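Engineer: This is what each chain is made of:
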Amino acid sequence: DGGITQSPKYLFRKEGQNVTLSCEQNLNHDAMYWYRQDPGQGLRLIYYSQIVNDFQKGDIAEGYSVSREKKESFPLTVTSAQKNPTAFYLCASRGGGVTTSTDTQYFGPGTRLTVL
Amino acid sequence: GQNIDQPTEMTATEGAIVQINCTYQTSGFNGLFWYQQHAGEAPTFLSYNVLDGLEEKGRFSSFLSRSKGYSYLLLKELQMKDSASYLCAVRDPQYGNQFYFGTGTSLTVIP
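Chains as they are written, first to last, in the working numbering: chain A, 1 to 116; chain B, 1 to 111.
FYI, nobody ran anything at the bench for these hints, they're computed from the structure. Please read these numbers as outputs of a predicted model, since none were measured by experiment. Idealized CB from N, CA, C, for every residue including glycine.
Under the rule of at most 35 Å between Cα atoms (straight-line distance), these lysine-lysine pairs were calculated in the DSBU-like manner:
1) A/LYS57 to B/LYS68
2) A/LYS83 to A/LYS71
3) A/LYS57 to A/LYS83
4) B/LYS81 to A/LYS9
5) B/LYS81 to B/LYS68
6) A/LYS57 to A/LYS71
7) B/LYS76 to A/LYS9
8) B/LYS57 to A/LYS71
Chain B side only, calculated, beta carbon under 10 Å to chain A, not exhaustive:
9) ILE4
10) PHE33
11) TYR35
12) GLY40
13) GLU41
14) THR44
15) PHE45
16) LEU87
17) ALA89
18) PHE101
19) GLY104
Stretch-level coverage of chain A by chain B, calculated; a stretch enters the list once three of its residues show a Cβ under 8 Å from a Cβ in chain B:
20) 36-42
21) 45-58
22) 106-113
Looking at chain B on its own, in the form it has when it is part of the complex:
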């Protein structure tokens, strides 16, 4: 079956850097996505990786290693508003390009 693993909770300090890891085992692979979700709201798209390496988007970066089935989301210069859940999702072409989501990592930013 499809398996996406993320840590359940993390805490970091305002202004610091935090890395949220995601490991996956899926039948197929056609991209890894990161979403941010504030409590009670819809997930919003943050980043996408389909090739190995680092993608940078302002304070957010995402890294992918397909051979290791591993990705991470890096958040720099943390702000209080970054407190949210971060979802890792893999798109699998063997199942109609369905997205398989991890359970999410709840990040709390403290002053």
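Bound-form chain A, shown alone:
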């Protein structure tokens, strides 16, 4: 079955600890994205990657880091520098090139991170 997986679904961490959220896709998509969703604020882009070994900061990258060593994997690390890390984190991927007009983003099931 093709799709995007994120694990775990729920994650609890103590304040001051780094934590890595996984995102894997077998859709052969080039582009991958990480979003954060807070109540009343919609989805905000943290980082995105359009190709292996390349990634760019989104609107709220501070306190986060990513890597893209393989096409199918785009893990996100929430560092202790992130002031308010408790949120719902969504990973997405997008197929097609930048000139393809009909592609869209497909989302993983999300990870709800709670920092205690």
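Go by the hints and put chain B onto chain A.
Structural biologist: Below, chain B alone, put in the same frame as chain A:
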């Protein structure tokens, strides 16, 4: 900056029709997308418009006017399972084809 506006909440009756509006101001435009998101779950793709006009997909239709920076999602024959948040997103080619999302419209369908 990028600005996507949607109403925060709407309520409609089972079997009725509801229209959810979205207005946008972005640097560039390469498509407007609608997603449905049930509480605690991931958004799922509903529809896409890149040219002006109406796109129909079963009970769901989406309309776009690029000159007005305006779109709406029309849901017909509402069912209880349509209670969800509906997200409007614009793809901007000037920023690596990033998607900019509105805050979402929480729709409650009542009997």
